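Novice: Here the structure of chain A is known, so what remains is to put chain B with the ligand in place on it, guided by the hints.
Here's the letter readout for the chains.
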Amino acid sequence: MNLDSIYTEIITEYSQSKHNERTIDSPTKSLKGHNPSCGDEINLEIKIKDNIIEDAAFTGVGCAISRASTSIMIDLIKGKRIKDALNLVDTFIGMIKREITNDEDLEILEDAMALKNISNLPARVKCAVLAWHTLKQALE
Amino acid sequence: MKQISVDDIRKDFPVLNQTINGRKLIYLDNAATTQKPNTVIKSIENYYKSFNGNPHRGAHYLSLKSTEIYETGRKKVANFINASSTREVIFTRNATESLNLLAYSYGMNFIEEGDEIVISIMEHHSNLIPWQQVAKSKKAVLKYLYTNEEGIITEEEIKKKITDKTKLVSIAHVSNALGTINPIKFIIDYAHSRDAKVILDAAQSLPHMKVNVKNLDVDFLVFSGHKMLAPLGIGVLYGKENLLEKIPPFLYGGDMIEYVYEDSTTFAELPHKLEAGTQNVAGVLGLTKAIDYLNEIGMDNIEEMESELTSYALEKLDSLSEIELYGFKGISNRGSVISFNVKDVHPHDTASILDAYGVAIRAGHHCAQPLMRYLGINATCRASFYFYNTKEEIDLFIESLKNVRKWLGYES
Ligand SMILES: [Zn+2]
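Top line first, the protein sequences correspond to chains A and B.
FYI, the working numbering numbers position 45 of the first sequence as 45, with every residue one higher than the one before it.
FYI, the working numbering numbers position 319 of the second sequence as 1319, with every residue one higher than the one before it.
These aren't lab readings, by the way, just hints derived from the structure by calculation.
Bear in mind the structure is a predicted one, so any value in this text is a computation, not a measurement.
Where hints are given, some of them may not hold.
Stated by the list, open to error - Covered stretches of chain B (chain A as the covering partner; in silico rule of three or more C-beta atoms under 8 Å from a C-beta of chain A): (1) 1338–1347; (2) 1362–1371; (3) 1405–1411.
As the list claims (entries may be wrong) - Beta-carbon label-pair distances, calculated as ranges: (4) 43(A) / 1391(B): 36 to 46 Å; (5) 105(A) / 1005(B): 50 to 60 Å; (6) 1233(B) / 99(A): 27 to 37 Å; (7) 22(A) / 1246(B): 52 to 62 Å.
All residues carry an ideal CB built from backbone N, CA and C; glycine is no exception.
Chain A on its own, in the form it takes in the complex (with noise of 0.2 Å):
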């Protein structure tokens, strides 16, 4: 395994950068998330307006795969439409398992493209995912 192709420097910019690392007022969902096996806990919140994610923050502890992820998401699905920040979240699902691995197809994820790798660590797979999989259980 090779660590270089792991904790790139986006990586670890964002597991420490605590911009999204916060509480919201009055979120409209507020939804934990967990990996039991590691460790990894964090809770999500978000504001929803007119079908548009208006805010996103998250709280917990993780390693610093789980949370780069998580703030990257963040980044990511603010001021999206439900509908699309739906869609982010298959298309990275999607990258992480290994079936989706068009780069063009890719692109919309942005900054997220960087956690492609993680597919070649499957102890940490659940680190990548569990932002994602807790924003979709939060919005369906």
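Specialist: Leaving out everything else, chain B with the ligand in the frame of chain A:
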């Protein structure tokens, strides 16, 4: 101490002599499972090549041979833990199954409403959830022994929690998460003075030190073979004969019966009463060879070798400013387990990064969530040693550890 060459020992363990990710494997996850020596590996192959038969059944050569291997293993285990008789040794799949057997057959039948069951906060989930269930269904009270600031369970705490209402105390000899050796002699004696029975979870102690059930006067003891060089899937329940005599069977089926009528059954005597179905003879043979291997080196020597490794590692870890150590701080009175974290780094990341350097450690809550919550931590990294580890391996582990923060973008 006789002259023991770790280099020679390592030649007996094929797994240890390989490279992972292009680097020499450094296996420091021995509290999860240990590697197996050639004598154990070959005995299993040999069993299936030459002796495979269903024990305690037919009158033919292979069945008799399998029975002999199985019962020789029982004698070997009885001697190893100094049990009074082979009737006190029950084979199971692992310590977890042994504990569940006790919870269902002993707990569900002998614990009554209002009784108290005492366990410690550092129990593995396998010695916690079964008792939670027993307490719930029998309306009994589950009480915890907590550690103090130094990470130990004090005599005051023991005297406070074990009372005349206590029917059962079930406790780990050595904590799998922190390495702490619990004051079990005091606990056993004190529990007996209150008429309570004691179960000792020896999964993390028996592979590393002499455990003598008679000296301890413990009522029940459980352990897993795979944490002491034996194959996966073989474990042991020891119980005092008069207690095992009283408990009803856990599983019903073949091998554990005497006479079966259309509407009733009489059960076999100990130990067979508690062993239903065709048993894991190859596992017992592997365990027999594992005990031979441990005896050959000597449990006293093993304890000394590991204590030297653990103090060496503790000293090195303690000298790194970015490392935080958990649990009991002292060198004495601890098993060969060290729980730690790298500052600002989640244990998952540490474990993945170390893996890339060929170093195998464990990260997580170590099946001890209540303990983690009690200590106010989410998860830890755990390095655990066995007598085949070396100081050079610890040096490489420490060197790899120094790179962890760098991978996560920290300056130093
Ligand atoms: Zn994680």
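Novice: Each hint should be assessed against the structure and marked as holding or not.
Specialist: Results for each hint:
1. Against chain A, the region 1338–1347 of chain B contributes 3 residues with a C-beta closer than 8 Å to a partner C-beta. That satisfies the three-residue criterion, and the hint holds.
2. Counting residues of the region 1362–1371 of chain B whose C-beta lies closer than 8 Å to any C-beta of chain A gives 3; at least three are required, and the coverage claim holds.
3. For the region 1405–1411 of chain B, the stated coverage by chain A holds: 3 residues have a C-beta nearer than 8 Å to a C-beta of that chain, and at least 3 were required.
4. Restraint check, residue 43(A) to residue 1391(B): a C-beta distance of roughly 44 Å satisfies the suggested window 36 to 46 Å.
5. A C-beta distance of roughly 59 Å is found between residue 105(A) and residue 1005(B), which places it inside the suggested range of 50 to 60 Å.
6. For the hinted restraint 27 to 37 Å between residue 1233(B) and residue 99(A), the CB-CB distance of approximately 36 Å keeps it satisfied.
7. Remark: the range hint 52 to 62 Å for residue 22(A) to residue 1246(B) is upheld by a beta-carbon distance near 59 Å.
Of the numbered hints listed earlier, not one is contradicted by the structure.
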